[in-house]
Amino acid sequence: MSDTPRMNMIQAINSAMDVMMERDDQVVVMGEDVGYFGGVFRATAGLQAKYGKTRAFDTPITEIGIIGVAIGMGAYGLRPVPEIQFADYIYPALDQLVSEAARLRYRSNGDFTAPITVRSPYGGGIFGGQTHSQSPEGIFTHVSGIKTVIPSTPYDAKGLLIAAIEDNDPVLFLEPKRIYNGPFDGHYDRPAKNWTAHPASEVPEGYYRVELGKAATVREGEAVTILCYGTMVHVVAATIEELGVDAEILDLRTLVPLDIEAIEASVKKTGRCMIVHEATRTSGFGAELSALVQERCFYHLEAPIARVTGFDTPYPHSLEWAYFPGPVRIREALNKLLKD
Amino acid sequence: MSDTPRMNMIQAINSAMDVMMERDDQVVVMGEDVGYFGGVFRATAGLQAKYGKTRAFDTPITEIGIIGVAIGMGAYGLRPVPEIQFADYIYPALDQLVSEAARLRYRSNGDFTAPITVRSPYGGGIFGGQTHSQSPEGIFTHVSGIKTVIPSTPYDAKGLLIAAIEDNDPVLFLEPKRIYNGPFDGHYDRPAKNWTAHPASEVPEGYYRVELGKAATVREGEAVTILCYGTMVHVVAATIEELGVDAEILDLRTLVPLDIEAIEASVKKTGRCMIVHEATRTSGFGAELSALVQERCFYHLEAPIARVTGFDTPYPHSLEWAYFPGPVRIREALNKLLKD
Amino acid sequence: MTVDAPRANLPPLSLHVPEPRFRPGDEADFSDLVVPPAGAARRPDTAEPADRFHELAYGLIRVLDDAGNAVGPWDPRLDAEAKRKMLRSMALTRAFDERMFRAQRQGKTSFYMKSTGEEAVSVSAALAMAGDDMCFPSYRQQGILITRGYPLVEMMNQIYSNRGDPLQGRQLPIMYSSKETGFFSISGNLATQYPQAVGWAMASAARGDTRIAATWCGEGSTAEGDFHSALTFATVYRAPVIFNVVNNQWAISSFSGFAGAEATTFAARAIGYGIAGLRVDGNDALAVYAATEWAAERARTNQGPTLIEHFTYRAEGHSTSDDPSAYRSAGEPNAWPLGDPIRRLKDHLIGLGEWDEERHAAMDLELAETVKRAQKEAEKNGILGHGMHQPFETMFEGVFEEIPWHLKEQSDQMIAERKAAGI
Amino acid sequence: MTVDAPRANLPPLSLHVPEPRFRPGDEADFSDLVVPPAGAARRPDTAEPADRFHELAYGLIRVLDDAGNAVGPWDPRLDAEAKRKMLRSMALTRAFDERMFRAQRQGKTSFYMKSTGEEAVSVSAALAMAGDDMCFPSYRQQGILITRGYPLVEMMNQIYSNRGDPLQGRQLPIMYSSKETGFFSISGNLATQYPQAVGWAMASAARGDTRIAATWCGEGSTAEGDFHSALTFATVYRAPVIFNVVNNQWAISSFSGFAGAEATTFAARAIGYGIAGLRVDGNDALAVYAATEWAAERARTNQGPTLIEHFTYRAEGHSTSDDPSAYRSAGEPNAWPLGDPIRRLKDHLIGLGEWDEERHAAMDLELAETVKRAQKEAEKNGILGHGMHQPFETMFEGVFEEIPWHLKEQSDQMIAERKAAGI
Ligand SMILES: Cc1ncc(C[n+]2csc(CCOP(=O)(O)OP(=O)(O)O)c2C)c(N)n1
Ligand SMILES: Cc1ncc(C[n+]2csc(CCOP(=O)(O)OP(=O)(O)O)c2C)c(N)n1
Ligand SMILES: [Mg+2]
Ligand SMILES: [Mg+2]
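Protein chains in written order, with our numbering: chain A, 5 to 344; chain B, 5 to 344; chain C, 389 to 811; chain D, 389 to 811.
Note that these hints are calculated values from the structure, not bench results.
Bear in mind the structure is a predicted one, so any value in this text is a computation, not a measurement.
Each hint should be verified, as a subset may be incorrect.
What the hints assert, rightly or not - Taking lysine-lysine pairs in the DSBU-like style, the calculated list, with each CA pair at most 35 Å apart, reads: (1) A:K218 to B:K343; (2) B:K218 to A:K273; (3) B:K343 to A:K343; (4) A:K273 to D:K760.
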């Protein structure tokens with residue numbers, strides 16, 4: 005067994021910030037409860053003790069302020085990594101993200117930039133109810149000037165977060181909170197796994213990057229291409245294994261900019277495409293993926309592109325496991341897609 | 005010629021509010037500059053004089069407050085029609101719209117509702133630069149619990165706005181400001197037309213409804229289905245006429261809930277589909293339309309669905325007419341689509 | 389012009405980052421806290437202009453003195469029966485919290501939030517308002533529902549997301565809604581209820597109604613933009629609304645310094661808008677009652693809004709997901725000098741000869757029984773467990789008044805898929 | 389409990405909707421406006437705690453008295469040369485505004501906004517700060533750029549969105565950006581610059597720099613949530629930042645009552661956060677200078693933020709899209725008793741014997757010439773007209789640092805389509 009330490013996703017994310025704060029004293033982390041306490045999910049634990057209160061600090065509870073202040077710090081020359089405690093609470097800050105961070109480079113013709121990385125836990129599967137479960141990535145992919153990154157493993161989380169922090173554009177870094185502690189196969193009624201057994205929990209201590217804009221092939225296959233990201237990567241992979249379908253699974257990792265080459269090559273090979281995400285269906289990122297695939301692979305498609313997504317309802321509490329696009333829904337959709 | 009008065013779109017919108025305030029004293033209008041002055045586009049002109057200051061009033065400049073207060077008024081039993089001065093300024097209110105207005109009925113199991121109609125001028129073509137030109141409809145179509153309506157003529161604007169105000173759910177009513185005063189064919193360098201010559205400028209004085217959720221067939225045709233809304237309806241229609249293509253043009257009018265039947269029937273008939281909107285392309289509403297069409301009409305499609313949209317950049321000022329999806333871009337895309 | 393090089397002849401700037409006085413391991417010592425004596429604060433006429441009593445935003449309105457006597461002009465002079473009712477509602481709220489906290493720990497639901505130590509803030513306020521005034525609470529004002537007689541079983545049904553849940557399992561536990569009880573649907577997003585309360589109050593005023601609105605948020609939540617929008621609207625239209633800021637000194641792990649408490653009080657925010665601001669001992673149930681009564685009268689007579697800061701202390705964790713020993717001194721809750729609202733009112737009543745230890749113990753026992761009975765009742769409708777107590781198609785209802793085609797289709801699809809999968 | 393029927397025995401509530409004193413057709417009469425005498429306000433030490441001088445948030449700091457003398461402790465005691473520079477910058481700003489307003493009317497660009505009557509607010513502030521302090525302005529502080537010597541031609545190039553536009557035609561006219569000049573990119577969305585300024589100031593403090601930040605917004609914009617977030621952050625971290633609220637009494641058609649001016653001043657907002665608040669005669673260039681100098685020293689010595697309300701008057705329309713005669717008395721601008729900042733400083737200098745009418749007239753002529761020359765120069769690069777002065781592919785640059793594939797593809801597609809179309 006290798007010497008590389010094992011980390012869960014929280015530890016990997018913590019390590020990414022640690023590495024970057026060590027290398028670049030312009031990197032600061034901030035947000036509600038991120039300072040002394042180290043964040044409600046402990047992603048920033050230990051950073052204040054190590055780097056001091058002016059580099060890792062708690063903030064007032066105003067998302068407008070957190071993002072607005074981070075933009076100002078970025079304009080000064082810092083490289084802020086603000087946390088929004090839950091992605092459901094990004095909305096109050098939307099104007100600062102959309103009208104300011106995402107537009108600053110363009111509107112000032114490069115005079116000012118917003119090199120900020122907004123971290124936020126997102127997604128469901130933790131009985132968090134309507135306001136601790138949402139997946140708002142689709143909204144941000146519609147906003148020009150901001151990159152959206154979603155990791156699915158500890159290794160990727162660290163490497164992508166480092167790349168995001170080093171990126172000179174604003175990056176929304178959404179962390180699938182359901183898999184902070186272990187990959188989740190979608191079977192809520194089976195015992196939870198932790199990361200230890202997963203190869204991508206081998207995470208180097210030091211600096212490394214996973215480039216933004218590149219998808220990962222989780223599994224090669226010939227029968228169908230499945231596009232997914234975040235928690236869904238594991239749900240899809242487990243379901244595919246159970247079904248024994250020869251699917252090719254792409255973990256998109258970055259939604260904007262998207263790895264269109266990987267998608268196109270895969271769908272042209274398999275002739276079938278399925279898209280899986282937790283977010284509500286209508287105008288979710290799956291719609292864009294579907295549109296792109298049919299624009300580029302039209303003559304290769306043997307069946308309609310299928311979307312398996314959250315339903316177009318608010319995220320319910322008690323019916324969470326009916327809402328969640330889990331193994332049953334993926335299997336049924338796949339059966340249909342392969343029959344078509 | 006009929007006795008029905010001619011109205012431009014602003015007059016029709018004004019008339020809708022007038023009619024509804026007359027019929028239902030729970031209807032109130034509010035927003036920045038909407039009271040005494042009657043709105044920067046004059047949509048609420050005369051309403052304060054007629055209905056008094058407690059039913060048509062100016063507000064502080066806080067979009068959070070405008071929507072939040074409207075929700076509270078709605079919970080009391082009023083039927084507020086708040087105006088956001090430009091759709092670009094909806095973002096500060098996004099949390100109140102998404103987390104509150106759109107979720108209230110569901111989360112309270114119908115105990116409380118938010119029967120508000122948020123009016124806002126949107127879209128480009130007026131040299132408004134980045135923050136007076138945006139088309140944010142795609143974001144709202146992703147939000148469960150809110151309806152999105154976009155009229156393209158004075159007649160529809162009035163009838164749809166009345167239906168929206170009467171609707172017991174929150175409605176985002178986006179007004180294509182480029183065509184307030186006249187239909188726009190996309191030729192920015194030709195003299196502007198006013199509404200007088202357009203049949204849909206015949207607008208009855210009194211009450212009538214145009215039901216939400218129903219598209220209008222602007223032109224019947226066999227060669228291709230073009231899906232569009234707002235200003236683009238006129239740009240598309242003019243371009244089609246110039247080209248002499250036998251296109252079927254659907255004016256969607258309501259994006260959520262969508263008139264899927266009309267879309268499906270048309271695309272199945274023509275076998276080709278093109279989607280035109282001003283909003284940026286990636287994850288715009290065109291993506292959802294494309295996904296829906298290919299899911300439902302896959303075996304009828306003879307060519308890839310084409311999207312003609314705003315580019316994925318902020319809305320530029322001086323290059324507005326290169327950015328705007330005008331006749332040139334529609335024509336070129338159509339040529340390609342019909343050749344495929 | 390050189391923009392990049394700091395000027396060497398000027399002293400460097402430094403960033404102040406607040407730090408609470410005590411952290412884990414520290415001994416909590418509040419002996420230097422200046423607590424104004426009970427009875428000392430002036431009580432202005434409710435029609436007095438807001439700029440005449442700024443001092444009330446900086447002091448602390450207190451009625452119960454250290455000996456348990458009710459003193460001074462803010463004494464609401466309630467009869468003993470009313471005070472016993474107040475005591476009972478607070479004790480019931482605490483008993484309810486205890487039981488539901490335990491239910492969560494037993495895995496019967498996903499989440500719970502107690503209001504321990506802060507019961508006066510909701511109970512006394514509810515008693516001082518009319519029963520049909522409208523409340524826009526945060527998640528820590530269960531005391532309002534309890535005081536207004538909303539059934540405990542219904543609250544528990546909601547907490548369990550079970551078959552009896554009036555919200556059909558849609559909301560996180562404790563996010564109650566009861567229009568009939570004048571209790572607005574609780575949001576997970578902080579402070580959004582503030583402008584909504586103003587809107588409700590404005591509507592009531594516009595319609596010539598007599599009902600007023602009140603809203604609550606924590607001191608941490610005052611930083612949200614919604615708070616400011618609400619106060620701005622309220623001052624502009626003189627809305628008949630009461631703003632309650634529950635300053636329990638903690639916002640999850642952040643002490644009130646991160647909301648601005650180092651520089652001034654939260655009641656002082658009111659001064660910035662020309663709104664009446666009162667700072668009240670939030671652990672003094674009579675003071676909370678008096679301040680609310682005053683603010684309600686002010687609102688009802690078209691004198692406009694009042695902001696009341698309730699200075700209290702969050703005696704327990706933020707929620708069942710929180711462990712306060714990780715960030716504050718374990719001794720803080722006990723060292724907190726303003727005591728416990730239940731104990732203080734109890735002592736007062738005993739001092740008056742209107743109550744005694746035995747009756748109190750008996751009441752506690754009875755309330756514990758009441759809660760237990762309600763719990764049994766509620767559990768007949770199921771506990772959360774893995775959820776799914778509602779028919780699946782209810783998930784698609786109530787998004788809109790009528791179910792649109794796409795939700796119908798999704799609903800049908802779900803049912804069909806589950807059937808095909810044999811579940 | 390009945391929630392729906394108003395109680396018949398209570399008086400009905402009523403909604404107050406503010407109304408300005410004068411509407412079109414009314415004669416504007418400000419004779420009852422209480423203007424505190426010049427020189428009367430106390431000038432606290434810059435290290436004095438903010439709660440010691442609340443009165444300064446309610447009064448009006450004035451230096452120039454009605455006779456044009458500089459009086460009292462706030463007199464910044466500038467030498468005549470500095471005052472002439474101040475006068476000249478204000479006059480140049482006005483000349484620039486005049487010319488560009490006319491250019492818009494001539495169809496040379498799409499939009500313009502004047503700062504007539506408010507020139508002191510930006511010019512004096514810019515002079516009182518160090519040249520490398522960072523400004524986060526709103527759209528009405530062109531005076532800062534002009535005072536700091538940013539080239540008029542560049543400003544005009546921006547206004548025309550022409551080939552020389554440093555922003556490549558991407559922004560609405562007047563939405564300048566110049567990092568080199570310490571002038572942050574202007575946003576179309578109100579008040580967003582407020583928290584950004586705080587962030588910049590916090591960063592400067594965290595790095596032990598000596599530079600401070602200042603930001604500006606209109607009184608109407610103070611209602612935005614960003615304003616509150618900014619003040620909250622600033623008080624918490626004692627950020628070295630100056631908040632300027634330009635109370636020109638109008639926000640497009642809404643008078644300041646809709647931002648809360650009926651109940652208190654805008655400077656009083658500062659009190660709510662425990663921040664230093666000054667209310668200044670914004671038409672008194674020396675008072676603006678003095679207040680800014682005081683606030684800058686306070687910030688630079690780690691005493692934290694200051695909010696300055698500049699009480700002034702928007703003498704003209706909101707922008708070229710606005711006609712104020714539709715909503716306010718035509719006589720207001722002239723009736724406004726606090727005069728014109730340029731005229732007042734001019735009279736002062738003349739009173740000192742350091743200036744005279746001839747020199748003033750000559751200066752005006754010279755400045756008009758300067759502006760005209762600049763305009764000629766700028767127009768060589770084109771005027772807006774139908775726009776499109778930039779190579780089309782520039783539209784896709786600068787969205788990100790590097791152009792991603794989808795923008796590259798869109799760019800190529802556009803070029804190809806235009807080529808195919810023969811344009
Ligand atoms: C908009 C938003 N941001 C962040 C959160 C996460 N959050 C929930 S409670 C809380 C602390 C609130 O503290 P306070 O307002 O003092 O209320 P208390 O819990 O003390 O009653 C935070 C940060 C949220 N729910 N909503
Ligand atoms: C977020 C947002 N809402 C609304 C507007 C539209 N708007 C532009 S200027 C203005 C009035 C601002 O008034 P004030 O702050 O007093 O500044 P002044 O124009 O008087 O300098 C409004 C409402 C906007 N630009 N941004
Ligand atoms: Mg708190
Ligand atoms: Mg103004």
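Hints violated by the structure (numbers, ascending)
2, 4
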